[in-house]
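Undergrad: Chain residues, written in single-letter form:
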Amino acid sequence: MELTREQVEHVAMLARLGLSEEEIERLRTQLSSILAHVNMLSELDTEAIPPTAQVIAMQDVVAPDEPVASYPVDEMLENAPEREDSYFRVRSVLGYET
Amino acid sequence: MEYEAVIGLEVHAQLQTRSKMFCRCSTQYAGAEPNTHICPVCAGFPGVLPVLNEYAVELAMRVGLALNCEIVSTNRFDRKHYPYPDLPKGYQISQYDLPLAVGGYLTIGHMGEERRIGIIRVHMEEDTGKLLHRRGDDGEVYSLLDLNRAGVPLLEIVSAPDLHSGAEARAYAQKLRQILRYIDASTGNMEEGALRVDANVSVRPRGSEELGPKVEIKNMNSFRSVERALDHEIARQLEVVRSGGRISQETRGWDEAAQVTLPQRRKEYADDYRYFPEPDLPPLVISDERRRQTQGNVAELPDARRDRLAEQYAISAYDAEVLTGSRDTADYFEAVVARLGDGVPPKLAANWITGDLFRLAKGEDGDLSGSKLSPDLMAELVGMVHGGEVNQGSARLLLEDAFRSGRSPRALARERGLLQVSDESQLSGAVRRAIEENPAAVEDYRGGKKQAIGFLIGQVMRQTRGTAKADVVRTLLERELAASD
Chain S
1 MELTREQVEH
11 VAMLARLGLS
21 EEEIERLRTQ
31 LSSILAHVNM
41 LSELDTEAIP
51 PTAQVIAMQD
61 VVAPDEPVAS
71 YPVDEMLENA
81 PEREDSYFRV
91 RSVLGYET
Chain C
99 MEYEAVIGLE
109 VHAQLQTRSK
119 MFCRCSTQYA
129 GAEPNTHICP
139 VCAGFPGVLP
149 VLNEYAVELA
159 MRVGLALNCE
169 IVSTNRFDRK
179 HYPYPDLPKG
189 YQISQYDLPL
199 AVGGYLTIGH
209 MGEERRIGII
219 RVHMEEDTGK
229 LLHRRGDDGE
239 VYSLLDLNRA
249 GVPLLEIVSA
259 PDLHSGAEAR
269 AYAQKLRQIL
279 RYIDASTGNM
289 EEGALRVDAN
299 VSVRPRGSEE
309 LGPKVEIKNM
319 NSFRSVERAL
329 DHEIARQLEV
339 VRSGGRISQE
349 TRGWDEAAQV
359 TLPQRRKEYA
369 DDYRYFPEPD
379 LPPLVISDER
389 RRQTQGNVAE
399 LPDARRDRLA
409 EQYAISAYDA
419 EVLTGSRDTA
429 DYFEAVVARL
439 GDGVPPKLAA
449 NWITGDLFRL
459 AKGEDGDLSG
469 SKLSPDLMAE
479 LVGMVHGGEV
489 NQGSARLLLE
499 DAFRSGRSPR
509 ALARERGLLQ
519 VSDESQLSGA
529 VRRAIEENPA
539 AVEDYRGGKK
549 QAIGFLIGQV
559 MRQTRGTAKA
569 DVVRTLLERE
579 LAASD
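Same order as they appear, the protein sequences are chains S and C. Under the numbering used here, the first residue of the first sequence carries the number 1, and numbering increases by one thereafter. Under the numbering used here, the first residue of the second sequence carries the number 99, and numbering increases by one thereafter.
It should be emphasised that the hints constitute simulated quantities derived from the structure, not laboratory data. Only a predicted model underlies this, so the values are computations on that prediction, with no experimental measurement involved. C-beta atoms are modelled at their ideal positions from N, C-alpha and C, and glycine is treated no differently. Check each hint, because a few of them may be wrong.
Selected chain S positions facing chain C (Cβ under 10 Å, derived; list incomplete) [said to hold, decoys possible]: (1) Ala-48; (2) Thr-52; (3) Gln-54; (4) Val-55; (5) Pro-67; (6) Val-68; (7) Ala-69; (8) Val-73; (9) Asn-79.
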């Protein structure tokens with residue numbers, strides 16, 4: 001299970017990580033062996049086991065539609081990288097104003 | 099070569115719950131300060147646990163059932179990843195391969211021109227926050243984030259590619275909204291963003307089974323812009339293919355001011371959502387019993403109600419269609435009919451509601467919320483017209499007055515002297531005066547010009563300011579003219 005350099009770059013881009021040349025190669029090797037390890041699971045015979053997306057035996061966990069008070073805005077914005085009035089201020093996502 | 103357009107619509111509708119989809123922050127944030135309706139769950143803080151809103155599931159099921167879908171018994175939620183700060187956790191909780199409802203339809207058109215439009219799927223997800231893009235004093239562009247809307251329950255309703263024109267797409271979207279409103283699932287208000295319509299459009303040689311390259315159209319903010327944007331896009335694509343060109347698969351936005359679709363900026367990379375099952379939400383299993391219970395909560399739907407009203411009250415198909423435009427209007431009509439006296443035809447009530455009342459209300463879909471004319475008062479007025487207590491013109495005046503004042507039309511008629519006079523003793527004076535003052539007309543009548551009586555009737559009506567009953571006046575005149583012959 002050898003990952004290609006392109007796959008590593010793609011995943012890094014999706015996660016918005018900037019990687020150096022050296023990191024790309026190091027992570028390529030590491031991710032490859034992690035995948036190979038996890039891939040061992042496919043050696044098991046799962047023929048008789050129904051597919052599931054959950055390993056906890058729970059279902060139908062719901063709450064009634066009753067609003068409760070939200071958090072104070074200052075508390076919510078306390079760890080914001082930047083704020084402007086009561087907005088979170090973030091780096092431009094469009095590159096132009098609207 | 100002859101071409102046809104193929105359109106599929108993707109509609110997002112906010113569900114009318116009081117709290118958000120996965121936390122209990124209030125959904126009533128309209129006009130509120132930014133970020134005052136948020137908590138660690140909807141703001142995507144690490145380590146929080148989403149809990150599904152029970153009523154959102156109920157409403158979503160109603161929509162599925164109202165659209166004749168099969169409700170999927172085992173539901174799962176999935177994470178749809180994309181890096182955009184309108185959902186700061188980096189993904190949207192949605193449903194991917196196990197949507198709540200599949201394989202339904204809705205019907206557009208009426209009276210012999212009905213068409214079923216397929217519904218591929220209806221799934222539950224969460225709405226995103228809102229971004230504003232600004233330029234700072236240093237010229238640097240930055241974005242402001244308001245998460246009040248983030249986490250509001252949202253349905254995505256995907257139609258089959260069964261639509262072929264802007265008008266059809268509009269009819270579909272309007273019908274869908276009508277249904278959503280009938281079952282209290284969504285306000286369906288497009289201006290407020292509670293209902294958002296995107297379209298996939300392609301053209302192909304007529305008769306071909308294959309779909310051409312599809313263009314996604316966004317930014318259509320009203321039903322009218324849906325129709326115009328799609329008609330414009332179809333015309334644009336036809337021009338390209340007829341001149342031998344190729345349609346490129348892209349996303350275009352409707353420019354309302356310029357009335358054209360324009361290419362939107364390309365994303366820097368293709369969508370790669372990396373869906374996987376949401377580990378924080380256990381499966382949702384919908385039992386047959388639960389499904390039946392919700393089916394019972396689905397109110398009588400627009401088409402069924404339209405057909406029933408036409409049948410039950412002997413009103414025209416057109417009136418029934420107009421009266422069932424919204425549930426409120428249909429309720430109003432039926433409330434009026436229930437209060438009509440014996441022998442007063444519901445058809446008369448339908449005429450007054452769809453005619454004068456709607457004209458006064460001027461509301462979209464006959465929105466009567468501005469009217470003070472209760473069903474009791476409307477029934478009173480219709481009864482007065484039917485019983486000949488007032489003539490048409492007076493009834494119009496009374497309707498308008500009562501619409502604004504909420505007062506009894508009969509009391510108003512008395513006050514304003516608009517009640518029709520059919521009492522002979524009250525009219526005989528006016529009749530005699532008309533005869534005395536118009537010897538020429540009397541001469542004509544007696545000389546055989548029987549139509550001269552029309553002039554005399556007019557004179558009596560003038561004297562009584564239109565309140566005299568014309569047929570009574572005619573009888574009185576005829577009698578008087580014969581007697582004094």
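Undergrad: Decide, hint by hint, whether the structure agrees.
TA: Verification of the supplied hints:
1. Ala-48: 19 Å, violated
2. Thr-52: Holds. Min distance 8 Å.
3. Gln-54: Constraint on Gln-54 (chain S) satisfied, holds at 6 Å.
4. Val-55: Cβ of Val-55 (chain S) sits 9 Å from chain C, so the hint holds.
5. Pro-67: Since the shortest Cβ distance to chain C is 4 Å, the answer is holds.
6. Val-68: This hint holds: Val-68 (chain S) lies near chain C, its Cβ roughly 4 Å from the closest one there, short of 10 Å.
7. Ala-69: 8 Å, holds
8. Val-73: Where the cut-off is 10 Å and the nearest Cβ of chain C is about 5 Å from Val-73 (chain S), the hint holds.
9. Asn-79: 9 Å, holds
Violated hint for the displayed structure: number 1, the only one.
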